[in-house]
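Listed in order, the protein sequences are those of chains A and E.
Reminder that position 173 of the first sequence reads as 173 in the numbering used here, one-by-one numbering, no gaps.
Whatever position you read off the second sequence (first residue = 1), add 223 for the numbering used here.
Quick caveat, the hints were computed from the structure, so don't treat them as lab data.
All values reported here derive from a predicted model rather than from experimental measurement.
Mixed in with the good hints, there may be bad ones.
[As the list claims (entries may be wrong)] Quick list of simulated restraints, FRET-style, between CB atoms:
hint	chain 1	residue 1	chain 2	residue 2	range
1	A	Leu78	E	Gln434	42 to 48 Å
2	A	Lys162	E	Asp270	22 to 28 Å
3	E	Leu334	A	Leu12	25 to 31 Å
4	E	Lys278	A	Thr165	42 to 48 Å
5	A	Glu124	E	Asp270	30 to 36 Å
6	A	Ala23	E	Thr479	40 to 46 Å
7	E	Asp371	A	Thr117	37 to 43 Å
8	A	Pro119	E	Lys278	56 to 62 Å
9	A	Thr64	E	Lys278	46 to 52 Å
10	A	Glu9	E	Gln434	35 to 41 Å
11	A	Thr64	E	Asp437	26 to 32 Å
For each residue, glycine too, the CB sits at the ideal point set by N, CA and C.
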Amino acid sequence: MEALFDNREAILAGFWATIRLAAMSALLSLVLGTLLAALRVAPVPVLRWSGTVYVNVLRNTPLTLVLLFCSLGISNTLQLNFDVYDPSFNGYWLAIVGLTAYTATFVCETLRSGINTVPLGQAEAARAIGLTFFQSMRLVILPQAFRAVITPLGSVLIALTKNTTVVIVAGYAEAAFVMKEMLYESTGGTLEIFLGFALGFVVLTLPIGFLTGRLARRLEVKR
Amino acid sequence: MRRIVMALAALALGASTLAACGGDDSASDLATRAKESKKIKVGIKFDQTALGVKKPDGTVEGFDVDVAKYVAGKLGVPESGIEWIETISANREPFIQQGQVDMVVATYSILPERKEKVTFAGPYIVAHQDIMVRGDDASITKVEDLKDKRICQASGSNSYKRITDPPPNGRDIPAKLVPAGSYSECIAKLSGNTLDAVTTDDLILAGFASQGGDFKILGTPFTDEKYGIGIKKGDVATCEAINTALSEMYSDGTATQLLQKWFGTAKGLQLPTAVPPAEGCS
């Protein structure tokens with residue numbers, strides 16, 4: 001316990017970094033994921049095709065590789081940076097780019113299965129009353145699709161929160177980085193450090209599951 | 224209930240017999256055991272360039288590896304009798320205490336808190352924390368120049384604290400930290416200009432520098448890291464045998480040759496020629 005208590009400031013800072021990272025990536029990947037889902041059901045073949053390629057490439061690439069590409073590829077080789085002289089800002093956004101690009105594919109696929117729960121008649125009716133593709137998506141299909149997949153989206157967000165533990169390769173230090181440093185410096189107490197950080201992640205992820213579960217029940221589409 | 228108690232009693236009995244076995248085993252010290260069995264288990268790093276590396280074909284190489292081979296040879300173990308086991312920084316003490324390895328030669332700094340758990344032979348070399356910058360960077364020539372520069376904060380290491388922490392731990396120099404997964408990533412970022420300096424033990428830096436790339440080591444050492452060989456606590460006989468082997472390694476020229484082989488091409492590194500003063504076995 002002593003090791004955890006002595007380092008509580010570093011630990012809290014680490015978990016705060018995790019929260020900042022997870023929250024911003026969650027927001028952006030919901031947006032990007034929705035756009036991707038729209039692409040994948042679009043009436044234009046080239047849009048459908050590009051959505052499918054993006055999803056299949058990113059979803060089947062290990063996250064560590066995606067993040068490493070952000071730091072060594074985008075930032076280091078291509079020299080595309082948010083602010084190369086402010087490493088913590090730069091690392092934060094590079095990590096978000098990687099996490100968002102990756103998580104959005106899972107959001108997209110989840111949402112697409114939600115779209116499949118909306119009866120075809122609804123889309124046909126929307127087109128029949130003269131709504132364009134985007135209007136029918138926005139007003140008729142997506143609202144119902146989202147309500148059907150709140151629980152699985154919660155799982156995606158929980159996975160995202162835990163996936164933040166590998167963002168060190170993108171150049172951002174969060175809770176898992178702090179843990180590794182503590183393990184390096186300690187000469188014992190390995191188990192309690194592990195358990196302490198595991199508990200920290202449970203505290204972050206349990207509410208996500210709880211809230212999305214409740215929300216799913218309240219917003220369920222009665223058919 | 225009764226059965227559980229019986230089971231527990233049986234377990235306890237088993238454990239005590241096992242412990243007794245362990246006791247018998249360590250009655251003979253490592254040096255004697257190694258000589259008889261012609262086998263030794265050596266803990267090294269698998270990912271420390273030029274010091275301890277496991278190559279894709281399964282063989283190991285590096286300065287630490289060569290030192291371990293030399294010492295094992297002096298203890299009477301041929302190269303084929305050495306079993307190489309990976310030890311990372313965090314598991315070196317438990318691996319020695321629990322007997323997964325007989326000795327650790329893995330950039331293992333001799334520190335008072337570690338001495339409480341293991342016995343150290345050596346040091347076989349004294350490394351110094353130093354700074355490496357790009358070869359064309361003239362703006363950093365000493366530690367103080369790191370103010371507001373971007374330095375690497377490698378995962379699983381705390382070398383950056385010697386710069387940024389307040390005294391007595393560090394120098395309280397406000398450098399910007401760039402987190403990275405490993406020192407290899409630090410080096411990639413250094414050459415790509417997304418950070419300005421990498422600071423850690425000069426031997427580790429030299430290992431990277433001798434792999435290619437335009438880097439220079441400043442040669443402004445500001446700590447002493449005495450790399451020792453860790454063995455089971457209290458095995459003084461083996462510790463002394465290793466110390467003898469180490470001074471022979473320096474007196475017969477092997478050390479100089481090995482240092483040249485692994486670190487000779489790095490710019491700005493001073494290589495030692497005499498064996499560092501032994502710490503004494505305890």
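- Task: Enumerate the violated hints, using their earlier numbering and listing them in ascending order.
- Result: 1, 4, 5, 6, 7, 9
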